[in-house]
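Colleague: Read top to bottom, the protein sequences are chains R and B. For the first sequence, my numbering gives the first residue as 793, with consecutive numbering after it. For the second sequence, my numbering gives the first residue as 5, with consecutive numbering after it.
Source of the hints: derived by calculation from the structure; they are not laboratory data. The reader is advised that the hints may include incorrect statements.
[As the list claims (entries may be wrong)] Capping the alpha-carbon separation at 35 Å, the derived lysine-lysine pairs in DSBU-like fashion look like this:
no.	chain 1	residue 1	chain 2	residue 2
1	R	K912	B	K41
2	B	K28	R	K900
3	R	K1042	R	K1370
4	R	K914	B	K41
5	B	K28	R	K998
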Amino acid sequence: MDGPHTGTETVLKGVAAAAGISIGPAYLYSKLIPRVEEKSIAPEDVASEIARLRNANARSDKELQKIHAFAEQKLGSDNARIFEAQLMILSDTILMGAIEQRIARELKNAEFVVADEIAKYKQIMLAAPDEYMHERAHDVDDVMNRIIRNIQDQKLYSRLEGASIVVSETLTPSDTVLFSRNQVLGYATDLGGITSHAAILARSLKIPAVVGLRAATRSIATGDRIAIDGYAGVVVLNPSDETLQALERKKERFRSFEERLAGIAPLTAETPDRKRIELSANIEFDAELEFARVQGSAGVGLFRTESQLIGRASYPTEEEQFEVYRRVADAVHPHPVIFRAFDVGGDKLSPDAAHEANPFLGWRGIRVLLDRPELFLDQIRGILRASTRKNVRIMFPMVSTLSELRRAREMVARAKKELDARNLPYDPGIKIGVMIEVPAAAVLAEQIAAESDFLSIGTNDLIQYLLAVDRDNAAVAPLYQQFNPAVLRTIKNVIDAGHRKGVWVGMCGEMAGDPLATVLLVGMGIDELSVVPSILPEIKKIILSIRFKDAKRVADRVLEMTTEGEIRDHLSSITRNKVPEIPLDE
Amino acid sequence: MIERTVTIVNSKGLHTRPAASLVKTAARFQAELTIRKDNLEINGKSIIGVMTLAAEQGSTLTLVLDGPDEEEACRALEDLFRRGFDEE
């Protein structure tokens, strides 16, 4: 299986989506769009042409039934529903009748008529302005390609020859499901985020995945020897012997570390000198809750409510949202859950998507919610109604002024009155917090804290805005520095400001889940860390291993440093020293 | 031939599942069903056709029924729309 070690080692940096390390041959998967040629057939061949079509439909139906059943078992019936629409199209007798008639009348080959007939519907869907219809068009496209492939009698392309690392531009849920029935060593994609369905599936299957690699499909060819590091979010093409050895060591280190970590899940995240940190999980889909619990989380520090908007034409109703929030609140009880109000706009999907020249500086988060009071009130009422067991908190995204916070609080008061009028119960003392992710909010943290119950620092946006760096722009990506002294001082100021006003301060951005940052954040006095469930045990282990007194000293020292390089070196030597078993990246 | 205007009352609109119940109901009758919305006209017994109708809550559709049992079919379909496809 080993290919020759030609070419030099190339490191591709992406986003870690599912933990683990694999080494093996690449399988470059490109959506094989079957080529369709228009051909004339003889009148006596009509019957056999129609027979080809019917056979192809029957085979397509069998394939899809299998995918559907497998998806139901692996992803749950909600997520499997995407395949039901495709199955229904296959058994659309009007559509198939029209196709057969055209074959007989126009004397054209089956695949041409299938493509031509289905394209009509696809165009109507693509012309519609909303995202939901575009998703439907993809379903139609998928099913069309499946029929055509089966007419042409091609083999199913999602079949690997031996164990491979799948490299693709993007993966649809059906691709992911299909591949996972084969020997997949890992997934590497150009696009996508850690919250995509494919990433979630990879995590639940414990297959390493790195997403957002941008150009992986251009740099890597089928059969190339590659290594995927799902901890660091890196793919290495033509890894050198040294790299391979280092990765093998890292894999071994993680394996033994993970075994030992299993025992710490039930422990409270507390330093040896009794400083307690609320260690909770960032969650997007309620399917992740069980994993978070097993990993030892004390509640949910960030529930991204936007996940409810995926694949929908409209915002969910109060009732629909209430169902979701109640399910989550019940599952997490007695621990708390923080529901962040819809953070739509910017890079997030939005049913109201309007094109903006600069969406990150545009209409998003609380700005959208305050402009759409009906939508905002529906959500607040849904959250309030789920709060009867008193473990629910609500948080507002993208706040940059106090008047936004005040208006948002007024909306909560109004929603409470409306529920009173309807005689529906809720927690009257529900805690209201603000996500600190705009530099203006960080500067005004003390004033904001005076009018809130908690603050949670969203580092991803805060760092981008503070350093004026778009981290998706390769030209400036290196300037996106988590440990930039300006970032650290800002975080420290927010924590201190919150404490002066007697409110707790947490962090729910990526930095909260970086093991290199844990000692520093604890030392700066952070009260809560909300992290991706997969990293939770490592962060807990660090908290359990370092005295608060020492962490404070580290923080004081780091806050005096002036460059990110110096800070990283210092933190990595401290962490290695205090918690030698933590596998940090080189 | 009968022509009727119906309104989508369920909150999610005419998404996949309501589309399926609509097609299934229409298939029980001999009468042909044509659905018109804006400039679009589709066969109401075809799921892919119904799926092209981006019909949200509050939007209206015109049903055209033609066949021996058109009266009965019309009643069944109007009832289905009124019940919001039993969605909630």
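Colleague: Are the hints correct? Go through all of them and say.
Modeller: Now for the hints, and whether the structure bears them out:
| no. | hint | in the structure |
| --- | --- | --- |
| 1 | R:K912 x B:K41 | 16 Å, holds |
| 2 | B:K28 x R:K900 | 31 Å, holds |
| 3 | R:K1042 x R:K1370 | 19 Å, holds |
| 4 | R:K914 x B:K41 | 17 Å, holds |
| 5 | B:K28 x R:K998 | 41 Å, violated |
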